[in-house]
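Protein chains in written order, with the numbering used here: chain A, 1 to 553; chain B, 554 to 788.
Worth flagging that the hints you see were computed from the coordinates, not collected in a lab. Glycine included, every Cβ here is placed at the ideal spot set by N, Cα and C. Just to be clear, a hint being listed does not mean it is correct.
[What the hints assert, rightly or not] Below 27 Å or equal to it, Euclidean Cα-Cα: the simulated DSS-like pairs (lysine-lysine) are:
#1 B:Lys-637 / B:Lys-768
#2 B:Lys-673 / A:Lys-157
#3 A:Lys-352 / B:Lys-637
#4 A:Lys-157 / B:Lys-683
#5 A:Lys-157 / B:Lys-750
#6 B:Lys-637 / A:Lys-363
#7 A:Lys-200 / B:Lys-673
#8 B:Lys-606 / B:Lys-683
[Unchecked claim] Sample of chain B residues facing chain A (criterion: CB under 7 Å; computed from the structure):
#9 Ile-623
#10 Ile-636
#11 Val-665
#12 Pro-719
#13 Gly-720
#14 Pro-722
#15 Leu-778
#16 Trp-784
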Amino acid sequence: MSTGLERQRQPPVEVTEEELAAVIGDRALARDDHLNAPGFVVRPDDVQDVLSDLKEQAGFDHLSCLTAQQYEDRYESIYHLKKYADPTQEVSVVVPTSIDDPVSQSAEPVFRTADWHEREAFDLVGIDYEGHPDPRRILLPETWQGHPLSLDYDQEKPQIVTLTEHANPIQPDHHKDESDTMFLNVGPHHPATHGVLHVKTVLDGETIVDVDPDIGYLHRCEEQMCQQGTYRHQIMPYPDRWDYVSAGLLNEWAYARTAEDLADIEVPEYAQIIRTMSAELCRIASHMLALGTFCLDVYGDFTAIFQYAFRDREVVQDILEDLTGQRLMFNYFRLGGVAWDLPEPRDEFIEKTRDFLDELPAKVDEYNDLVTSNEIFQVRTIDTGILEPEVAKDYGCTGPVARGSGIDYDLRRDDPYGYYDELDWDVITMDGCDNYSRVLVRMQEVEESAKIIEQCLDLLEDWPEDEREIQANVPRTLKPDADTEIYRAVEGAKGELGIYIRSDGTDKPARFKIRSPCFHNLSALEEMVQDEYIPDLIASLGSLDIVLGEVDR
Amino acid sequence: MSSNNPKQSIHDSTAPSTDTRDSRIGEGPDDRFNSKLREAFGSSPFILTKFDKFMNWVRGNSMFMLQFGIACCSIEMIHTYAIKHDIDRYGAGVPRASPRQADVMIVPGTIVSKFGPRMKRVYDQMPEPKFVVGMGSCTISGGPFQEGYNVVKGAEEIIPIDIHVPGCPPRPEALIYGVLKLQERIQNGESSPVVVKPYELEQFGDLERDELVQKLADDIDEDDLVMRYNWADSP
Ligand code: SF4
């Protein structure tokens, strides 16, 4: 439970750059500092050593992201490390490999989460990872030719995609010699997968022996799209479409924060408050959908709870539409501020939002009656889909999934941005590690978000009229200095949503990499459902609250 | 029915319901199964209409949608099913989870290369007659992702589409309008428009033996189903 004491917890002792250099020692070939963190260049065959030393000796237990990219003369993998205890302490490990033979050591033995990351890097950029347990493509079909984010990729080339990846579920599948198992496809068109996810499942009776999430059915080339857009205006519409469950503004904030830090733009305080308020509205809408669909998954409730959740989302969407002009794809943030002020008449807008907040506690009670105190629901969710904190960290889980496993990690508090550190709210954590805890965390976060919005409304209401500055002065074309690199993250609805940008002196990013929280959360599914029953697979999937637009990008 | 106007004497009469009520509470023969319709037919319970006209009318008024979420547009699609917009008012509100029970498919989102063959398969599994509503810019042209290396430039490259609803995403009202237009078409017995369908599922062995096919020959069986994307020819 949240105690309100977390704010006073002691961050671990800061590791200085000298100490880092000492840990890495002469394995560091050079320095390649990024705006957010010191960077050390290491040899491709030192990767595991360096990462495990950083993990064991310096406490960097969170492999936040792996960025792969190609330069004219080399490939590069960047491991962005952080600490769960204090995400402001960061370090980047840069691993260059040659153009002709891009082989680098796999980091999978040190961080489990590197598994999927390295598969993605191989898939899109074409770097091979030596010692990787499962070197397959992850987003694109197995038969794809070429690596689309490498420099010499020809997009016009024809491609052939097979349908056989779908094994026949009725065929006998002898997973192990002695047992008689069955192979089962869940998805990609399946109501419980929340979009187009394909889970290859091997069953022994009702028990799950093995699952393998097969993703990429919604790989919409988001990174390529962002690399083709200009910083100032053309990129902002895309974040709305990563996590499209109304979390648009939270995603936009990820891009806004990264690009603002890259180009050194100050955002006016008033705009920060509007951002904070609208982003939290998005969080409420997103968590409502998570709750509604979870109940749909767990006990097929298309009538009551699902519809109630959507009724409440409608209200939030109405408010957001008044503010931004769109119901779902807001495109409301601008670099250096927001697109426009609160709608006129202001009082009406503020009152409407207040009304919503006033009704919220009663609605939350209703949900508690219907959902969390429901016996069937409890039987289905308590002690199923266990995700131990250590495992969660190893897989890089963040957001409500991590907080449901007792990991006290929330970037809004730990790496403050916007107006969060001025406001009074708590980070919710639960120790249950099961599906139930994850649902509870989300429901209580809704209440915390409401608290934040209320404080923001008070501030906005009293803000002097002539100081309502919504936009900083930003040049029409933005051209950050060449070869500046930055990795920044915000707390999205599903967890840590990070963006890495490398600029090359033009008005478009040379590399734009998205760190998606759902991608990590989903990769932990395997651990959660091992040896559980198949209905628990569906429940676990629902409680992870993934959204495929963000998993596949 | 010979005339669209009900007989005045029947229309204005309250007798049937009164009779039913009476028969429930009173003595005498039980004619609770009486209805206005039945009385209208009298002793010969027949309607004269063209069978296919009747079928079209039925089809249009009872559409079973496929529960099919792809991308962002599906969120607005769910809102169309849910409270406030409630598409059930138009007899189209029960999403079926299995394609074999559905007759309308709303395609709500971006189709990418990996999903193309699957969507085709789902479409093929729906029983005839079947109809498709394309929801959002992505199903028209690929939408915001049109330039992506992996994005199919519109759902019509793969399956025929009856109604396009533009928008990114279309508002629920727009989707309802699209569904109503589809109902109108179905009731009038109109079939889907002529479309270009460049991408079909084929057996690998039937493909022309060009460089790419040669290269993949070791990985793919002759009789595996494949879809070949010729990106250069895409609009
Ligand atoms: S049309 Fe727009 S909202 Fe709909 S799926 Fe495409 S990108 Fe998403």
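Do the hints match the structure? See the list:
1. B:Lys-637 / B:Lys-768: violated (54 Å)
2. B:Lys-673 / A:Lys-157: Within the cut-off at roughly 22 Å; holds.
3. A:Lys-352 / B:Lys-637: holds (18 Å)
4. A:Lys-157 / B:Lys-683: violated (34 Å)
5. A:Lys-157 / B:Lys-750: holds (19 Å)
6. B:Lys-637 / A:Lys-363: holds (17 Å)
7. A:Lys-200 / B:Lys-673: holds (20 Å)
8. B:Lys-606 / B:Lys-683: It holds: about 17 Å lies between the C-alpha atoms, which stays within 27 Å.
9. Ile-623: With a closest approach of 6 Å, the B:Ile-623 hint holds.
10. Ile-636: holds (4 Å)
11. Val-665: holds (6 Å)
12. Pro-719: violated (14 Å)
13. Gly-720: violated (10 Å)
14. Pro-722: At about 6 Å, which falls below the 7 Å cut-off, the nearest Cβ of chain A leaves the hint on B:Pro-722 intact, so it holds.
15. Leu-778: holds (4 Å)
16. Trp-784: holds (5 Å)
This entry does not satisfy hints 1, 4, 12 and 13, going by the numbered hints stated previously.
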